[in-house]
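Using the sequences and the accompanying hints, generate a full structural model.
Top line first, the protein sequences correspond to chains C and R.
So in this note's numbering, spot 46 of the first sequence is number 46, and the numbers just go up one at a time.
So in this note's numbering, spot 66 of the second sequence is number 1066, and the numbers just go up one at a time.
Because the hints were derived from the structure by calculation, they are not lab data.
Note that beta-carbon positions come from the ideal geometry of N, C-alpha and C, so glycine has one too.
Not one of these hints is a red herring.
Dumping the calculated DSSO-like pairs for lysine-lysine here, alpha-carbon to alpha-carbon at most 30 Å:
hint, chain 1, residue 1, chain 2, residue 2
1, C, LYS79, R, LYS1177
2, C, LYS79, R, LYS1005
3, R, LYS1630, R, LYS1685
4, R, LYS1086, C, LYS61
5, C, LYS65, R, LYS1099
Have a look at the derived ranges for each label pair, beta carbon to beta carbon:
hint, chain 1, residue 1, chain 2, residue 2, range
6, R, THR1002, C, SER10, 39 to 49 Å
7, C, SER143, R, TYR1619, 18 to 28 Å
8, C, HIS6, R, ALA1207, 53 to 63 Å
9, C, GLY170, R, GLY1103, 32 to 42 Å
10, R, ARG1690, C, TYR11, 30 to 40 Å
11, C, HIS6, R, GLU1100, 28 to 38 Å
12, C, VAL17, R, ALA1207, 40 to 50 Å
13, C, GLY170, R, SER1078, 21 to 31 Å
14, R, THR1002, C, LYS79, 17 to 27 Å
Sample of chain R residues lacking proximity to chain C, with all beta carbon distances greater than 10 Å (derived):
hint, residue
15, ALA1156
16, LEU1240
17, ASP1371
18, PHE1376
19, PRO1432
20, ASP1540
21, LYS1553
22, ASP1616
23, ALA1637
24, GLY1644
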Amino acid sequence: MLEVTHLSKSYTSGTQVYSVLKDVSLKVEKGEFVAVMGPSGSGKTTLLNCISCFIPYEEGKILLKDRNISHLEERELSKVRNRQMGFVFQDFMLLDGLTVFENICLPQIIARRPVVQMEEKARNICRLFGIEKIMDKYPAEISGGERQRTAVARALMNQPYVILADEPTGNLDSKSCRAVIDAFLQAKEEMGATIFMVTHDSFAASFCDRVIVLKDGQVYGELMRTGSRRAFMDQLLDTIRTLGGDRDDYE
Amino acid sequence: MTMNKIMAKLRRKENGQYRLLGLCIFLSVFLVSSFTLMFFSSSVQEGLPPGGDTRKLMWLMLGVVGIGCLLFTLYGSSLFFRNKSKTFGVMLALGADRKELAGQLFWELLTVAGTCSGAGLLLAAPASWLLWKLFQGMVPHTARTAYGLEIAGILAGILFAAVLVFHILFLGIRFIKRTNLMDILHAVRKTEMVREIRPWTGKLGIALVIFGLFLAMAVPQLTVRLFRQGMPGIWNMTYLLCVFGLYLLMLSAVFNSRKGKHPKKYYQNIISTSLMRFAARQTTRNMCVIALLVFVMILSAFWGTMYYFGATEGGSTALYDFSAHFPAREEQMGMSELSALAAEYGGNIRSYKESESLQLVIHYTGRDMNDQRQYFDVEYEKLASFVSVSELERIMGVQISLKEGEYLTVTESGYRENIWVSADCLNVIEHPVTGRTFQPVFQGTIAFDNLVMGSNPFAFVLSDVDYQRFSARLTDEFKEEHVFFNVEEGTDLYGFADAWKRAYIARATALSSHCHLYDAHEEALALSAGELYGYSGEIDLSPDNPQLMGDWKYAPFSKVLMEAGAMELTAVFVLLSIYIAVISLSSAGVMSYVRSLTIALDNRQLFEDLRKLGADHTYIKRVIRVQLRKLFAYPVAAGCIVTGAFSLFLTYFNDMVLEAFELRMLLMEGGLMVLTAGVMYGVYKGAYRRSREIAGV
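Have a look at this one:
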C-alpha cells in the first residue's frame, strides 16, 4: 500500500548540512497498523512529513498503492491528500469554528461529494467511534480524547489508502490515549484502514502489527508483533533500552 | 453542507478577525481620505504660503499620514493572516486545492477591503466637513474658508485605498503561496532567537540617542556660529545613530534581566522575560516603530501649537495697532478720512501720527552661503528707510540719545542676531541723488516693529543734523510717508481694519505696485549691468488676492488682520498637525494591541504547561501583564524622552536661548506626553483583557 525507497532528507543551517534521513526504505501492507519509533532526533516526524509531501526531500521515492507521489504537482498532490491519505496530528488540528460533525465532513466537503451521502457517512463514523453525542459540539467543548477521536474519524471520511498519524497520543492522558488507539484498531478491523503512526509511546506502539525503529535517520530494525501485546511492549522497551534509553548519564 | 457554507460559517466564527482587519482598513482610509480632502482643498492650498518650508512640511506630513496608516493596516492584516493560517493549513492538509483557497481568500479580502475602504471614503467627506466647520470656528473673519470638495483630494483618497487594498491582496497572495505546509501549520508557534547581548547595550543605546541628537541638531548650529560652515545634507544621517540607539535600548529592555539586587523580582519575572527573549527581534523592531510613532505624534502636535504661537508672535508687540508706509507721492487717507471711517465702525482714531522717512542707499555687509554650505560675507547695496531721532522720539514717545555721525538700527521686538545680517551691518550711506557718502558709527539698536516692517534688512535712525543733510536735494521719489495710529476700544476692529485695508488698496497707484522684495536701487544696478531683475513688475493690487498682504512692499499693518491671517494660516497647519498626531497615535495603539495579542497567541501552549506545573490564574496573569507592560511602557517612555530631547535641542540650538514662550511650549509638550501615555494605557487595558481571554484566565 505504502512504499518508501531510498529516502534521504537533510537540513542546512548556515554552512552546516544535517542529514536527517539517510537512505530510508520501508513498506506498509494494506490493512497493516505500523508504528515508527525512535529516540528524539531520529527523524520520525521528518519521515512522516516527507511521506505526506508536506516537506520536500532530496532523494528517494514514495509509492502509494504503486503510484509514485514524489513529484506530483500541487493540484494532484491535493487530490492525493484528500482522497488517498488521512491525517491525524498531535494537536488535533480541528477547526475551532466548526462543530465535530462539520469537522468530520470536511474532507468530503473539500472533495465536493454529495451532501446526503456525506452526512450519512459522517453520522455512521460518529456512531462507530462513539462520538455521536458530541456531534454538535465545538472542539473547545470536548475533551482531548474526544478531539483526537474526531480527528481519526475525519481522517477516515474519504476512506484513504493510508492514515498518517503524527504522535496522536502525545497530548493525551492514558484513558484518552487508549480511546484513540481503540479508534485506530476499530478503523483497521471494521474499515480495513492502513495506519502509519509516528510515536514515542511504547504503550501505543504495542498495539501495532509492526514497529519500525529509526536511529540517526536510518532504519535500525523492525519488530513484528507475534505474541501478546504485553510481550510486544516488553520487546519494544528492550529495544529502546538498547538504543540508549536505559543509559544512566551519571555512570 | 458545501465548501461555501463551511467557509461562511468559519467567517462568522472568526468575525473578530474580520472586524479587526475591517476596522484597520476603514480607519486608515477614513483618516487619510479626510486628510487629503482637507489638504487638497483650495482653502488650505491658498492658505499655505507658496513654496517655503511650511508647504514642504505639509507634504512630509501627508507622507507620514500615508505611511502611518499603511503600516498599522498591514500590521492588522498580519494578525488576520496569522489567525487564518491554521484554517488554511488544515484545509491544505485535508487536500483542499491551493488555488481554490486562494480564490476564496482573494474574494474575502476584496470584499472586506472594498467595503471598508468604500465606507472610509464615504464617511471621509462629512468628517472633513465637520472638521472644517470646527476650523471655521477657529478662523471667523475670513471669506476663503468655504468648504469645497476638490477632485484632487478625492482622487488621493481613492489612490490610497487602492494602494492599501493592493498591499493587503499582495500579503494574501504571499500567505497562500507559502509552499511549506508545515510552516503554515506551525506559524502560530514560530519564534526566533537573537544572539546574547551585552549588559551595557542599554547604556550604549541611551548614549547613542543623546550623541546622535547632539550631532544632528547641535553640531550644524555650532559650526555655523563658530566656523561659518554649514553641514552638508548627508549630515542628517547622524539621526540614524538615534534610531540605532533606540533599537539597542529596546533590545536591552526586552532581553536584559539580571538578578542584581532584586533576586525576588528577577525570579518573579523570569517566565515573562524568557518568553520575550524568544521573540526578541520581532518585539524589539515592533517597539522601535511604536516609539517612533509616539515621537511623530507628540512632535506633530507640539509643532502645530508652536507654529501657531510663533506666527501670532510677530507684530503682536507693535507699539501702534495700525501703521502703513507708502511712497510720498501717493495720496493715502489722512486723519479726517480715517476718523470718518472709524466712526462708521463705532470708534475714534487715537494717537494718530504722521511721519516721513528718507530712502537712502545703504552699503552693508550681509552673509550668503555657497554650494559647499560655507557662509561668506557679501557687500550689498540697496535702499533703506531713515528717520531722524527727533521724529522717532515724537512717534515713540521716548527720549533717545544720538549724536551727529552716529546711527541706531531699528529692529523688531525681541530681535536676536542671526547668521545672515547683524545690526551693525551698515558701512556707508549714500545720497541717491548726489552720490555723497557718509560712514556713521553704530550706537546700538532700538525696537520699533511698525517702522522696521517697511525696510529691509533694517530701518535706521540718524541724528537730526545728519538727517537734514541727507534730506537736502532729495526728491519725493526717495521719500516715504508713514502713518501710525490706534483705534479706541469698543470699535468693530476687524470691520474697520478690513475697510481701511480695502480703502488703502483702492488708493494705491502704480507707484506702490511692487512686490515685497522689490528695491528700486537694486533694479537700477541690475539694468545698468545688463542683467534681469527678478522682482520687477507690478503685482495684483486686489483686496481679494490672498497673497497680497504677504507679497506687497507697501502692505498696511494692523494687528487684528495680522492675527486673523496668522490664525488662518496656522489653524490649517494646526489642524493638519493634529490629524497627523491622531493617525500616529492610532497606528501606535493598533500596533501595540496587535503585538500584545500575538504574544498571547504565541504563548497559549506555554500557559497550559504552566498550569500543569501548578501555576494559578494570578501567576499567569502576571506573566501576561509583565510582558505587555514592557511592550507598552518602554516604547512610550522612549518616544517621550526622545521627543523631549529633540524639542529641547531644537528650541535651544535654534538661537542658543530658551525664551519664556518656548519653555511654556516644552511644558505643554510634557502635557501631550501625559495624554499620549494615558491613551496608550487605555489600549494596554484593552489588550490585557483580550490577552487574558486568549490565555483563558
